[in-house]
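Engineer: Both chains come to you apart, so use the hints to assemble them.
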Amino acid sequence: MHKFLIRSFVSSLVLLFTLTVAAVAKDVKAAFVYIGPTGDHGWTYQHDVGRKAVEAAGFKTTYVEGVPESADAERVLRQLANSGHDIIFTTSFGYMNPTNKVAKEFPNVKFEHATGYKREHPNVATYAARFYEGRTILGTIAGTMTKSNVIGYVASFPIPEVIRGINSFTLAAQKVNPNIKTKIVWAFTWYDPGKEAEAAKALIDQGADVIAQHTDSTAIVQMAEKAGVYAFGQASDMDKFAPKAVLTSVENNWGPYYVDRVKAVANGTWNQKDTWHGIGDGMVVISGLDSQMPSDLQAKVKKLQADLASGKVHSFTGPIYDQKGNLMVAEGKTADDGMLAGMMTYVKGVEGDIPK
Amino acid sequence: MIKIVKRDQPSKAIFFFTPVLAIFLTLIAGGIIFYILGFKPFEALKFFFIVPIADKYGFSELLLKATPLCLIAIGLSFCFKSNNWNIGAEGQLTFGAIVSGGVALLFYDQEGFYILPIVILAGAIGGMIYASIPAILKTYFNTNEILVSLMLVYVSKLILDYLVVGPWSNPEGFNFPETRQFSDSARLPLLFEGLRIHAGIFLALAAVIISWFVFYKTYLGFQMKVSGFSLKTAKYAGYKGKKMIILVFLISGGCAGLAGVGEITGPIGQLHREVSPDYGFTAIIVAFLGRLHPVGIIFASLVVAITYLGAETAQIFMQIPKYTGQVFQGMILFFLLASDYLLFFKFKFIGTKK
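First to last, the protein sequences are chains A and B.
The first sequence begins at 464 in this note's numbering and counts up one residue at a time.
The second sequence begins at 3 in this note's numbering and counts up one residue at a time.
Bear in mind the hints are in silico, worked out from the structure with no lab data behind them.
It is possible that part of the hints are untrue.
[Claimed, not checked] Subject to a maximum C-alpha distance of 30 Å in a straight line, what follows is the list of computed DSBU-like cross-link-like pairs (lysine-lysine):
id: 1; chain 1: A; residue 1: K523; chain 2: A; residue 2: K581
id: 2; chain 1: B; residue 1: K42; chain 2: A; residue 2: K523
id: 3; chain 1: A; residue 1: K492; chain 2: B; residue 2: K42
Chain B on its own, in the form it takes in the complex (with noise of 0.2 Å):
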């Protein structure tokens, strides 16, 4: 007889082990549905997972796609370590690019050796200010703040639409919606000639190096488990509450905007309608897949890089409908809540007793 029971405390093994699984019921459930589709499943995986990443520009192109993603990530870790639900990481990537971009407009006829930094500067603090928002309402109006970073991430859309399509439009571009191309000097550069792979990735890892310094080595990083346990405790221990709140916003408003400056001025070059195809949505599932640990977040955002990549090959090679691309997103965040229900319970092997 099977008897569910339930854990103690949750298991640390399965903690680590469950995306592992979640990974593999999707692939499991993929080749299903591209069986059902009438594709051959094995062919499928393999256009899906491994042709786009089989040469050095693929795995390049899988590098770029990671970046933003593993920045936003990491950003969002802070805030979901402690109990706050900051789900407007696209927002301020919006708004980052935003301001970055404006600052690298300022500067379009200019060539320096300064500029870069100030652009970089300036969309980090762009996505603080604007992560910043949600945090000062929590924390003094006790506003929800998961319907506050969302609603901001479509003003923070309609905002990019009013200055590419009005006064930040390119003078010589017929009034088409984008802005003038940035000068080389506010592009990050290149870290190979030929692929689009650029500066943005040492961003990112040093994002992955000072989390989890902060996360395991430090006071604060230990303040931030406890109000995720709980926050009564937290009070208790007499942690100032609401400076952790605005604290961990601003570090990822700031990384969400980063991942902005790296799109805008990595492989796009100007500021149009559409500069981030969701990034900041799609962390989310990262986040949680890396289950918030920085090592995690790497190899999660990997993963989910390739869906993308994986679809667009698919549907060159096999006619495969792009968009199952996010059916697979979608799978590893079902099968990955799913196989948490281990984390609490666990299976029990019991002899019937006569």
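Pulled out of the complex, with its shape left as it was, chain A reads as follows (with noise of 0.2 Å):
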């Protein structure tokens, strides 16, 4: 009888412990830090998607949208830590230094930090995709499908992840055809559909039969609609913004890192870390293929997807020239991340100077 007693009351000790584990794990609040609104059907969509996975994921999350990168990040950030968050999600680069500073103050709440660098404290860890693989497959999509062989790129402001975007297409698309030429259009923005509409107009006036982009709304792909050229969406499948226009759309996939990663806070295993993810991994997808592609570059860009995916093909395989012609990445080597997280020179065949 006294040990029955004692069996019982051990176990259900036990049973108690694993159900507040269990309560404690599914607990675990979340918030998201975005820079637009909800509603871009880009960057802040893509992130906001991810959220609702979490949401799925069993989990409550909260989000604020429209936070300058101003002194008002740090409040915001502040407030969320102060109001029982437990990993807390910045999906900007400039909220950089805010994050780092509250993160300091805030030893027992996750900050995970968007194409970021900096990780001054133990619970900061950054994050970033590598977008650069999926425009690849853009620039052999490109490459193929233009008449003028003249590419048009609407690009936002020259740092490493842009230049490092434009080169990978430019690289990809001369692969297939020797004679193309990238013609950029800054338009110092991010999300400005005027300003984007315009840019793509001057490069459809110069002769480009095939838009890119590196900025977020959908006023590129109804742009290249309305003229009758190719064009690709950028961070959301935008084809239904441009039926015709759009080939295919490279997708920032957040869910599964997110989900992942406020698992790791409710086990008890989140570590501070770098994560760059590519194709392989899943945080960068590509969209469906138009069916005006022809099937045998459909069939490549397959198998170049998957190539990417396993690492049997690196977007920057030298060998690499700049524009001068000097060697950026010698024959038979790639590009280390070191080179890439710095990349600040065109490669040949990109027209212009990067503004400086």
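Structural biologist: Right, dumping it as structure tokens:
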């Protein structure tokens, strides 16, 4: 009898403990800070799709949209950290310093900063996606589909992320079509439908018959649809905005990473790290291919996608030359992550200079 | 029967009463909007206007937010009182931030008590230089200062973009669009440990006191008032109009420049693309809500500041879209302009005669 009592007492304790742990695990709350509105159909929209995946996995989430990268970001972060959130995702580069500052004050809250490089405290992790892998695919399609051999590219800001995308795109296009030229227009904005449409129009007027973009709105694909040229969706599948123009889109797929990290907090296995995932890990996703693309191109793209995923093909494989003809990456070598992270020179075949 | 009659002269009591009326109407309209959106109106208003400032930290954030608004609005009141329509305070703020940030970057690896005063002065001068452009064009070429000052806002933002992307970007920053962090000597001192409220608030208070003195105790203040009522009268009285135009623009630009200094050497600590969430434009609402009166502007800047904080709190705790904060700012201005009708007209109750 005595033994039975002890045993049942112990087992109920164990049960209670497991229940508590489970309850604690489920109680993890995640917060997301967005630079734009959730309805931008680009950058912020995709982060919010990721947030919804976290909700679907059974966790509570909160978000604040349209948070400027000014002094306001710090207050929003502190308020989120102060109101019971266990992990906070800050989804724009400009939140880097506020994120690290607030992380210092809240060592028990985990912070995840997108596209930055500062991890000053053990509770700060960074993450980004290898979008350039997606651009290798877009370049391959653009180089094949162009008839004028002029490809337009609407770029946002001259930072390594964007330069890397232009280079990766151009290298892939040259591989299938050595005669192509990539013309760049700098919009100096991430999201401004008016400016983006103007930039696209300028490129089309200069003879571009395929337009790529590294800005977030749907204005460019819509302009391409009107002008009867091809384009690619950015961040989300933009096919429905321009069904004839959009050949495919490169989607930012944050959901799996977000669910992973929130679960890690729940299980107590969260650790500081720098994540840079590409097609292989599913963070970069290529949308469905348009039927206007010939079937051999579609097959080629599918194979390239698989090879990029497995690591058999690297977007930056030598020999790569810069605009002046200097060797950047030797034959048989691939660019390492350090070089990619700081890339600030155009490869050969890109027209114009990087604004300085 | 009710008849609408024009007042002989604008009512002074109504003049100060309408801003309060506008805020009250905004609260009611806001409550109705929340109700239509499916939120409990009183709970939403509580999260909007009470919760954000319920503790010490929240209140300090309110003051932090109100400081640049108050400073810019005081400067603008000099312009608006004298019939000069400076819409470009945002540009003057940005240019002030650029100049003071540039100076702060010169001293990035140095410490010393002399650095901060130079940085502050540079910001004020930067704002003044930028404001002098529309002022000079107006006085000597008769251009429209509204257009010139507004367009210069976009120019200043592009200059800032160019600098932080190119020549001033942090050499250790992987070419990201931001400068180095300023040295501690170039930062405005914090007033309390753990709070972000900084010494910039004294600049705003000084501006309030000085402007009150100038408006109500000096000949210049009187000249401004007369010019505001009638430019012809001012000319007839022999006031030197050109000099005054340039002076009020310089004061206004200097204040906006100081607001820019407050942001970059206060909470931000470096230059990057977004030094101000459009304080320069929001301050126009503040100036009019405060009736261009220094004390009124203090209250108005607090009211408008809380719409920013409240929008964040309401989204975090009630999932109300954050952009409702801007709706509130718009409504305040709308109701203020609408109720100004009462300034010039009154309702007269007349017994019907048979």
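Engineer: Which of the listed hints are broken here?
Structural biologist: none
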